[in-house]
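Visitor: For reference, the chains in residue letters:
2 protein chains.
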Amino acid sequence: MRIDGKRMRTIWLNPDGWSVSIIDQRKLPHLFEIATLQGLDDVARAIEDMAVRGAPLIGATAAYGLALGLRDDPSDAGLAEAVARLAATRPTAINLKWALEAVSDAVRHHVPHVRAEAAYIKAAEIVEADVAVSRGIGEHGLSLLRGVVEANGGNPVNVLTHCNAGWLATIDWGTATAPIYMAHQQGIPVHVWVDETRPRNQGAALTAYELGQEGVSHTLIVDNAGGHMMQRGQVDMCIVGTDRTAANGDVANKIGTYLKALAACDNDVPFYVALPHTTIDWTLARGADIPIEERSGREVTHVSGLSSEGKVTEVQVSALGSHGANPAFDVTPARLVTSLITDRGICAASRDGLLSLFPERAA
Amino acid sequence: MRIDGKRMRTIWLNPDGWSVSIIDQRKLPHLFEIATLQGLDDVARAIEDMAVRGAPLIGATAAYGLALGLRDDPSDAGLAEAVARLAATRPTAINLKWALEAVSDAVRHHVPHVRAEAAYIKAAEIVEADVAVSRGIGEHGLSLLRGVVEANGGNPVNVLTHCNAGWLATIDWGTATAPIYMAHQQGIPVHVWVDETRPRNQGAALTAYELGQEGVSHTLIVDNAGGHMMQRGQVDMCIVGTDRTAANGDVANKIGTYLKALAACDNDVPFYVALPHTTIDWTLARGADIPIEERSGREVTHVSGLSSEGKVTEVQVSALGSHGANPAFDVTPARLVTSLITDRGICAASRDGLLSLFPERAA
Chain A
157 MRIDGKRMRT
167 IWLNPDGWSV
177 SIIDQRKLPH
187 LFEIATLQGL
197 DDVARAIEDM
207 AVRGAPLIGA
217 TAAYGLALGL
227 RDDPSDAGLA
237 EAVARLAATR
247 PTAINLKWAL
257 EAVSDAVRHH
267 VPHVRAEAAY
277 IKAAEIVEAD
287 VAVSRGIGEH
297 GLSLLRGVVE
307 ANGGNPVNVL
317 THCNAGWLAT
327 IDWGTATAPI
337 YMAHQQGIPV
347 HVWVDETRPR
357 NQGAALTAYE
367 LGQEGVSHTL
377 IVDNAGGHMM
387 QRGQVDMCIV
397 GTDRTAANGD
407 VANKIGTYLK
417 ALAACDNDVP
427 FYVALPHTTI
437 DWTLARGADI
447 PIEERSGREV
457 THVSGLSSEG
467 KVTEVQVSAL
477 GSHGANPAFD
487 VTPARLVTSL
497 ITDRGICAAS
507 RDGLLSLFPE
517 RAA
Chain B
157 MRIDGKRMRT
167 IWLNPDGWSV
177 SIIDQRKLPH
187 LFEIATLQGL
197 DDVARAIEDM
207 AVRGAPLIGA
217 TAAYGLALGL
227 RDDPSDAGLA
237 EAVARLAATR
247 PTAINLKWAL
257 EAVSDAVRHH
267 VPHVRAEAAY
277 IKAAEIVEAD
287 VAVSRGIGEH
297 GLSLLRGVVE
307 ANGGNPVNVL
317 THCNAGWLAT
327 IDWGTATAPI
337 YMAHQQGIPV
347 HVWVDETRPR
357 NQGAALTAYE
367 LGQEGVSHTL
377 IVDNAGGHMM
387 QRGQVDMCIV
397 GTDRTAANGD
407 VANKIGTYLK
417 ALAACDNDVP
427 FYVALPHTTI
437 DWTLARGADI
447 PIEERSGREV
457 THVSGLSSEG
467 KVTEVQVSAL
477 GSHGANPAFD
487 VTPARLVTSL
497 ITDRGICAAS
507 RDGLLSLFPE
517 RAA
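Going down the list, the sequences are from chains A and B.
Numbering follows my numbering, in which position 218 of the first sequence is assigned residue number 374; successive positions increment by one, without gaps.
Numbering follows my numbering, in which position 48 of the second sequence is assigned residue number 204; successive positions increment by one, without gaps.
Extracted from the complex, chain A is given alone in its bound form:
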């Protein structure tokens, strides 16, 4: 997608053929900065510190991290250490585990001195595959938006989204946003209610930013407001992403998603979850078993933004001496999800629904 009118992706291999560049998303939307990752530690820190975030992008970045690690130590022990280091960065997103396994499987049978090269090839494949997956989600989801606009007599479809499941969370297009961008490009009128998404404000900082850069009409709201908007008939559908989908259709996504799903259910607003097949954890029978990352309470007590002097500044919003708890994700039960929008099509949020699109997973 575009930044300042220029087409970009969120991660790319540099012309040197080994270092990798990313958009440092911690600085957005106030500063656009590119960071170069030159080794395994750079990559692990970029994921931990959320310079890159979003389940698909975490997976792709970790794949390059393994390639960089194998450049330094291509032995079996080096591979195992690099996998362990990267796997420990974020516990909830399943794509991370998936990407590390995909790269490991691609390099393990090679002799050490060609492993790094094989890893770079696999990482590039993961990146291209992710773009195709996002495009697939967009194409399938587009019909849902078009349907509302047709039923509305051509009035804009109002979509509520939570957090950033946009192109900044992937390589291009996004997951939840892919149908929105495709609708916009095809002239289908769409307006997006953007949840701020405390505590890290990915909605305010990233989703609003990328929608603005693409010229998509949007309005920022606090996380508290979505239920009221739905009560007032101002939301036609919700589309969110997911960091891990259990085999029964339960989804783990950014904290607060569950509350929006409850409100959607209570107001008969369709609640869609957009996901690449890589976020499905077929080994987990239900969402309650998904590990939920606990992050620092400081993310709750402090907020970062642009000061009136134009500097990115952190301020403490809470009373001194009050501490914060910070679970980063919650689980939305499948019963609250209208449908899953995957790269293979749209299905019910259930084991049967998922198996209808992924029959090869039937035991």
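Any given hint could turn out to be false.
As the list claims (entries may be wrong) - Pairwise CB distance ranges (calculated):
no., chain 1, residue 1, chain 2, residue 2, range
1, A, L476, B, N308, 29 to 37 Å
2, A, G371, B, E257, 47 to 55 Å
3, B, G343, A, E449, 35 to 43 Å
4, B, A240, A, R163, 50 to 58 Å
5, A, I277, B, L187, 57 to 65 Å
6, B, N423, A, P447, 36 to 44 Å
7, A, D424, B, V270, 52 to 60 Å
Just so you know, these hints were derived from the structure itself, not from any lab.
All C-beta atoms in this analysis are idealised placements derived from N, C-alpha and C, irrespective of residue type, glycine included.
Following the hints, position chain B against chain A.
Guide: Leaving out everything else, chain B in the frame of chain A:
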């Protein structure tokens, strides 16, 4: 209640016998400042700008505003103008209307030159009555907390609250917090999950602050987190306040309350609304008719806090060019409310429930 160990109220008449002082709540928790209100305009601005906020405190402040206005112009026209000016400051809280009517009724039959004095007397009555009402809510609600602790084998009762329905929203004790403070004073172990309450962060800035000043155990969470906490069994009950209660038990409260009520219902967590009888609007059959204040989108895009240099600073959290929508309240339907905790006792959130405590309102 206490600030720095010293007992205080949120509003008081100064020794000069005419000017009124308030705690300027816009500066809390970072700066404790007292503001003096010397005329009608000072009062109207203090309410509009939320130097004072909270339905009961708005009512009491407006009562003094009318007294100050009548000092300058005690004529019938002056009274009508002052009522109109103050009534326009905040549309949702019914206590404002109630207090203006109470003072008007108390002064209207007097000749102009004694009206100001009569208004001061009535305002003082409203203040004292509010303290008694909060105490009543606390005494009735206390049994609910004690019951959980007894059932838990003496473990702390975990209460989730939204926004600030604490003593800073009233004159003393608070509404939702009154049972909490009474429990704490009686040695009943209580821990409070404090919702941050975007966009104005009254939970982080005020509720956490006042609980800390009283030594009540509490943890700050983002508004997104409460549903997850309830799914995990970490919340024994919710207690919130209300700005207006319809005659059928629907409640308007700070935006986001509805989402917590949905989560409480979905997880069998009791959801209580604490309210003084002055917030009941007997003329409104249902909550959907309550006017919902729309505030500036700037409250969504900008956040105020304490910088690392110790200055209260405002930062912009959103992307430049993205605008915010800012409905300040939402309506929680009575079906999601376990019980109402009033100064007259606890009742079902229904017309019959309310009439059982307020039989004089039966038509």
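Visitor: So, for every hint listed, does it hold in this structure?
Guide: Structure-based check of each hint:
1. L476(A) - N308(B): 29 to 37 Å: Since the Cβ atoms of L476(A) and N308(B) sit about 31 Å apart, the hinted range of 29 to 37 Å holds.
2. G371(A) - E257(B): 47 to 55 Å: holds (50 Å)
3. G343(B) - E449(A): 35 to 43 Å: holds (36 Å)
4. A240(B) - R163(A): 50 to 58 Å: Given about 57 Å between the Cβ atoms, the range holds.
5. I277(A) - L187(B): 57 to 65 Å: The hinted range 57 to 65 Å holds for I277(A) and L187(B), with Cβ atoms some 59 Å apart.
6. N423(B) - P447(A): 36 to 44 Å: Violated, since N423(B) and P447(A) (Cβ atoms, about 20 Å apart) do not stay within the stated range.
7. D424(A) - V270(B): 52 to 60 Å: holds (58 Å)
Figure legend: structure checked against the earlier numbered hints; the only hint not met is number 6.
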